[in-house]
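Next come the chains, spelled out residue by residue.
Protein chains: 2
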Amino acid sequence: MISVVIIGSGNVAQHLIRIFNQSNSVNIVQVFSRKDMNMDFLIDSSKVTNQYRDLVAADLYIIAVSDNAIAEVSNQLPFKNRLVVHTSGSMSIDVLNNNNRKGVFYPLQTFSKNKNIDLKQTPICLEVQHNSDYNVLETVAQSISEKVVPINSTQRKALHVSAVFACNFVNHLYKITNDICNDNNVAFDMIKPLIMETAQKIMTLSPTAAQTGPAKRQNTAVINSHLTFLLDENQKEIYKILTKSIIDNG
Amino acid sequence: MISVVIIGSGNVAQHLIRIFNQSNSVNIVQVFSRKDMNMDFLIDSSKVTNQYRDLVAADLYIIAVSDNAIAEVSNQLPFKNRLVVHTSGSMSIDVLNNNNRKGVFYPLQTFSKNKNIDLKQTPICLEVQHNSDYNVLETVAQSISEKVVPINSTQRKALHVSAVFACNFVNHLYKITNDICNDNNVAFDMIKPLIMETAQKIMTLSPTAAQTGPAKRQNTAVINSHLTFLLDENQKEIYKILTKSIIDNG
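Residue numbers (numbering that gives the first Met the number 0), protein chains in the order written: chain A, 0 to 249; chain B, 0 to 249.
Pulled out of the complex, with its shape left as it was, chain A reads as follows:
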């Protein structure tokens, strides 16, 4: 068993604890929660601490806190030469304090409260400062995912930017869709099968082959009637720029 300390109690930390609880090769020996929050629903309270000085020995420390807090948290660790990783897609491995052996454990996924997730198909992107640390990190990652990949900081940044487009921005288009439905007394539920099919198509077709709609057909009459229909200036602007981008870039 590989002993792991999870540092953090937010969204990603909670998902990781829940998932590692089901792993046969990882033992969560401690959780550090700065906010001293109640985590009984996830882990025995005797394993939770809010004091850095009480951190126990472990094979791996996973810092799962907000990007801005990673450096500060890693500076506070009261030990040296242990394997410490963060889980951020956007932060360099260098943000971690030099006292310890550094690494990154980045699950390429979106984590929301109130929505459990199975990470088996989720790529876990690994980066290590010392090659000798890769095996431990790989074993931990493989215990929860079938897709474990070594990824350097530049590639990870590309993946993180990609994820913003494919997840955050896509979700915002769902939000606009929801607003348009609400404003016009049609149920957002009616759009859900279309949302699923649009995602499913991309599993087997290229985005270019999958594209449909008035912009792809350069159907100016329909495009203009949509722009007339939309009253919200922000929605109009997003409609225009994405339509133009489809026409220009396919």
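It should be emphasised that the hints constitute simulated quantities derived from the structure, not laboratory data.
Hints should not be assumed to be uniformly reliable.
BS3-like cross-link-like pairs, simulated, lysine-lysine; straight-line CA separation at most 25 Å [said to hold, decoys possible]:
1) B:Lys191 / B:Lys239
2) B:Lys114 / B:Lys191
3) B:Lys119 / A:Lys239
4) B:Lys191 / A:Lys114
5) A:Lys191 / B:Lys119
6) B:Lys146 / B:Lys119
7) A:Lys235 / B:Lys243
8) B:Lys114 / B:Lys146
9) B:Lys191 / A:Lys215
10) A:Lys243 / B:Lys243
11) A:Lys191 / B:Lys114
12) A:Lys215 / A:Lys239
13) B:Lys239 / A:Lys243
Fit chain B to the supplied structure of chain A, relying on the hints for placement.
Chain B alone, transformed into the frame defined by chain A:
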């Protein structure tokens, strides 16, 4: 059995023929293909015509052609007072010729070549000029979908605009994601589990509750590092406008 003639041989027409072929309550008695294309893979060639004058009697004529061609096709029909519907999300029922009883049969879905689809969960939006025609149209729709809904032209337009955001624009964000991955030597396949989870979350969470990422957290450092990373001006512009929209509207 309700006898149906499909007018059109494109994407939507082909999907409808394939799906109606499996229905026990609908009999496709004829397909009109202006382009005289070979449709042997879908239907017996004796049932295909390219001559309006050869159109046979039927309970329902479904015009599944491009938006721009609907009016012209309906003007060419050499009969009167029969039930004729189109399948467009964006065109009014009024675009159909007054010679016949009008209706709309709009499956709220995206149809691509080389991707079969089951319409059972797809809303079929119906509109009729004469209430007495609703039952026939409803029976046909219910033979392929569990979600059949009466929708007027204004609601249908709202749904169509919504569909552009939730499908065409979302797919274009997948396209940009694909481009970013290609430009940085990471596999687009790595993003696919995230794409599926992003869509699946929306089945149970509201878009606002589902949102994650640097824009939602107003993490300016990450946002700026992404903008520096992106070299394509079009990608930058789309990143900026969608980030601003998330910050302003949640």
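Going through the hints against the structure:
A C-alpha spacing of about 24 Å is found between Lys191 of chain B and Lys239 of chain B, which places the hinted pair at or below 25 Å, so the restraint holds. As the CA atoms of Lys114 of chain B and Lys191 of chain B are separated by approximately 17 Å, the hinted pair is consistent with the 25 Å bound. Taking the CA atoms of Lys119 of chain B and Lys239 of chain A, the gap is near 33 Å; set against the 25 Å cutoff, the hint is violated. For the suggested pair Lys191 of chain B and Lys114 of chain A, the alpha carbons sit about 18 Å apart, so the restraint of at most 25 Å is met.
Under the criterion of a C-alpha separation no larger than 25 Å, the hint pairing Lys191 of chain A with Lys119 of chain B is consistent with the structure, at around 13 Å. This hinted pair checks out: Lys146 of chain B and Lys119 of chain B have alpha carbons roughly 7 Å apart, not beyond 25 Å. The hinted pair formed by Lys235 of chain A and Lys243 of chain B meets the criterion: a straight-line CA distance of about 14 Å does not exceed 25 Å. A threshold of 25 Å between alpha carbons decides the hint, and for Lys114 of chain B with Lys146 of chain B the separation of about 21 Å falls inside it, so the pair holds.
Note on Lys191 of chain B and Lys215 of chain A: the hinted pairing holds, with a Cα-Cα distance of about 23 Å set against a maximum of 25 Å. Only pairs whose Cα atoms come within 25 Å are accepted, and Lys243 of chain A paired with Lys243 of chain B is accepted, the gap being roughly 19 Å. Note on Lys191 of chain A and Lys114 of chain B: the hinted pairing holds, with a Cα-Cα distance of about 18 Å set against a maximum of 25 Å. For the proposed pair Lys215 of chain A and Lys239 of chain A, the alpha carbon gap of about 13 Å is at most 25 Å, so the pair holds.
Between Lys239 of chain B and Lys243 of chain A the CA atoms are separated by roughly 16 Å; this keeps the pair inside 25 Å, and the hint holds.
Going down the numbered hints, you'll see the structure goes against just number 3.
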